[in-house]
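With the sequences and hints as input, model every part of the structure.
Residue numbering for the sequence shown follows our numbering, starting at 7 and increasing by one per position.
If you're looking for bench data, these hints aren't it; they were derived computationally from the structure.
Backbone N, C-alpha and C fix where the C-beta goes; we use that ideal spot for every residue, glycine too.
It is possible that some hints are incorrect.
Stated by the list, open to error - The calculated SDA-like cross-link candidates involving lysine to any residue, where the alpha carbons are at most 25 angstroms apart (straight line), are:
no.	residue 1	residue 2
1	K104	E159
2	K104	S215
3	K104	T156
4	K104	G84
5	K104	L213
6	K104	F87
7	K104	S160
8	K104	N134
9	K104	G83
10	K104	G179
11	K104	Y85
12	K104	N205
13	K104	N131
14	K104	E116
15	K104	N124
16	K104	A135
17	K104	S139
18	K104	H126
19	K104	G91
20	K104	Y80
21	K104	D90
22	K104	V198
23	K104	T121
24	K104	A86
25	K104	Y118
26	K104	N82
27	K104	T78
28	K104	G93
29	K104	G119
30	K104	Q146
31	K104	N144
32	K104	W123
33	K104	Y184
34	K104	P183
35	K104	H115
36	K104	I94
What the hints assert, rightly or not - Using C-beta positions, here's what the derived DEER-type ranges look like:
no.	residue 1	residue 2	range
37	A196	S105	30 to 38 angstroms
38	N205	K104	34 to 42 angstroms
39	N165	P133	33 to 41 angstroms
40	G84	S163	18 to 26 angstroms
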Amino acid sequence: MVYTFAALPLSTWQLPLKSAGQRIASIETAQHVCKGRFDRGEIVRALKKAHWVLPLVLVVFSSAHAGSVPATVYFNGGYAFANDGYGIPPYQGTLNGKSALFYCVDFNHEIYGNTSWNAHITNLNSPNASFSSTRLDNKQTYLEMAWLITQMESTTSQNEQAQLQWAIWSFSGGHSPYLNNNAMVADAFAAVQDGFRGNGWEILTPLGSYGQEFLVDPPAATPEPSSMLLFGTVLLGLSFVMRRKWPAPVAESNLPPTV
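Here is the structure:
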């Protein structure tokens, strides 16, 4: 919106002269208004209060990442290769709009290309109780499957990759056509017992009846409130700086102003 101000004659802008007492009163009023708006002491006190609130905010947002934020999974129909009538992962698609590779750990649910669903995120490093929202509800099992996936990623042989994937599917009812399935599962169990923790891996469990459960390891695909954490950290640091640098307000004098 554009405002147009008409020029006023000089006589309109001329104001009557004030006495010395009126001028002093006007100055005191202006000082009071400015002090009310820009009192540094009030700002410091507010920041001191924020100093106690911000750590709680940071804890809440950091803990929210451990599985409470739903994800949107999109499967575009792509997979690595076919074996015995089934597509072998990694499957192709996006996670929250970012390109991702998915490893299927769910043999009991069919999916189709160009479809999407919402999923619950569970980090493999979460406590055992957090796995109650997954389809297998067993942290040990998911860790073993994640280890098998790491073996898939370490080989370029499609035959070995297929054997490893069938070993993964065997946890959810898939019948492997390979004779060494039990040996692979035993190796996975031993790896977890020896300390494999699946750092970075996450389970994507569909929130509805449609969708497959995936394991995924994209470093930046999972939604994380990093911007909120950064914002809170900046405010927290600012509160310390203001608390240390700003001096206490000077006490007002009760003496009358000098003329």
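Structure-based check of all given hints:
1. Note on K104 and E159: the hinted pairing holds, with a Cα-Cα distance of about 20 angstroms set against a maximum of 25 angstroms.
2. Distance hint between K104 and S215 is fulfilled; the C-alpha atoms sit about 24 angstroms from each other, no more than 25 angstroms.
3. For a cut-off of 25 angstroms, the pair hint linking K104 to T156 stands: about 22 angstroms separates their Cα positions.
4. For the proposed pair K104 and G84, the alpha carbon gap of about 15 angstroms is at most 25 angstroms, so the pair holds.
5. A distance of roughly 20 angstroms separates the Cα atoms of K104 and L213; the hinted pair therefore holds under the 25 angstroms criterion.
6. Simply put, K104 and F87 have alpha-carbon atoms about 22 angstroms apart, close enough for the 25 angstroms limit, and the pair holds.
7. Simply put, K104 and S160 have alpha-carbon atoms about 24 angstroms apart, close enough for the 25 angstroms limit, and the pair holds.
8. A C-alpha spacing of about 29 angstroms is found between K104 and N134, which places the hinted pair above 25 angstroms, so the restraint is violated.
9. At most 25 angstroms may separate the alpha-carbon atoms for a hinted pair to count; K104 and G83 meet this at roughly 16 angstroms.
10. Straight-line distance between C-alpha atoms of K104 and G179 comes to about 31 angstroms, which puts the hinted pair past the 25 angstroms bound.
11. Taking the CA atoms of K104 and Y85, the gap is near 17 angstroms; set against the 25 angstroms cutoff, the hint holds.
12. With a C-alpha separation of about 20 angstroms, the suggested pair K104 and N205 falls inside the 25 angstroms cut-off, and the hint holds.
13. As the CA atoms of K104 and N131 are separated by approximately 23 angstroms, the hinted pair is consistent with the 25 angstroms bound.
14. Annotation: proposed proximity of K104 to E116 holds, straight-line Cα distance about 23 angstroms (limit 25 angstroms).
15. A threshold of 25 angstroms between alpha carbons decides the hint, and for K104 with N124 the separation of about 14 angstroms falls inside it, so the pair holds.
16. Restraint check for K104 and A135: not satisfied, since their Cα atoms lie roughly 29 angstroms apart, outside the 25 angstroms limit.
17. With a C-alpha separation of about 24 angstroms, the suggested pair K104 and S139 falls inside the 25 angstroms cut-off, and the hint holds.
18. Between K104 and H126 the CA atoms are separated by roughly 17 angstroms; this keeps the pair inside 25 angstroms, and the hint holds.
19. At roughly 29 angstroms between alpha-carbon atoms, K104 and G91 are farther apart than 25 angstroms, so this suggested pair is violated.
20. Between K104 and Y80, the direct Cα distance comes to roughly 10 angstroms. Compliance with the 25 angstroms bound is thereby established for this hinted pair.
21. Under the criterion of a C-alpha separation no larger than 25 angstroms, the hint pairing K104 with D90 is inconsistent with the structure, at around 30 angstroms.
22. In summary, the hint linking K104 to V198 is not supported, as the alpha carbons are separated by about 30 angstroms, beyond the 25 angstroms threshold.
23. Proximity of K104 to T121 is assessed by CA-CA distance (about 15 angstroms); at most 25 angstroms being required, the pair is judged to hold.
24. A distance of roughly 19 angstroms separates the Cα atoms of K104 and A86; the hinted pair therefore holds under the 25 angstroms criterion.
25. For the suggested pair K104 and Y118, the alpha carbons sit about 19 angstroms apart, so the restraint of at most 25 angstroms is met.
26. Distance check on the hinted pair: K104 and N82 sit about 13 angstroms apart at the alpha-carbon level, within 25 angstroms; holds.
27. With a C-alpha separation of about 10 angstroms, the suggested pair K104 and T78 falls inside the 25 angstroms cut-off, and the hint holds.
28. Restraint check for K104 and G93: satisfied, since their Cα atoms lie roughly 22 angstroms apart, inside the 25 angstroms limit.
29. With a CA separation close to 17 angstroms, the supplied pair K104 and G119 stays within the 25 angstroms bound.
30. Restraint check for K104 and Q146: the C-alpha separation of about 29 angstroms exceeds 25 angstroms, so the hint is violated.
31. Taken as a hint, the K104 and N144 pair is broken in the structure, with Cα atoms around 28 angstroms apart against an allowance of 25 angstroms.
32. With a C-alpha separation of about 15 angstroms, the suggested pairing of K104 with W123 holds against the 25 angstroms cut-off.
33. Our distance criterion of 25 angstroms between C-alpha atoms is broken by K104 and Y184, whose separation comes to about 35 angstroms.
34. Restraint check for K104 and P183: the C-alpha separation of about 34 angstroms exceeds 25 angstroms, so the hint is violated.
35. Restraint check: the Cα-Cα separation between K104 and H115 comes to about 24 angstroms, which is no more than 25 angstroms; the hinted pair holds.
36. Annotation: proposed proximity of K104 to I94 holds, straight-line Cα distance about 21 angstroms (limit 25 angstroms).
37. The given range of 30 to 38 angstroms is respected by A196 and S105, whose C-beta atoms sit roughly 34 angstroms from each other.
38. Checked against the given bound of 34 to 42 angstroms, the beta carbons of N205 and K104, roughly 20 angstroms apart, lie outside it.
39. Roughly 38 angstroms separates the CB atoms of N165 and P133, a value that falls within the hinted 33 to 41 angstroms.
40. Taking 18 to 26 angstroms as the suggested C-beta distance range, the pair G84 and S163 conforms, at roughly 20 angstroms.
Hint compliance for this structure: hints 8, 10, 16, 19, 21, 22, 30, 31, 33, 34 and 38 are not met, and every other hint is.
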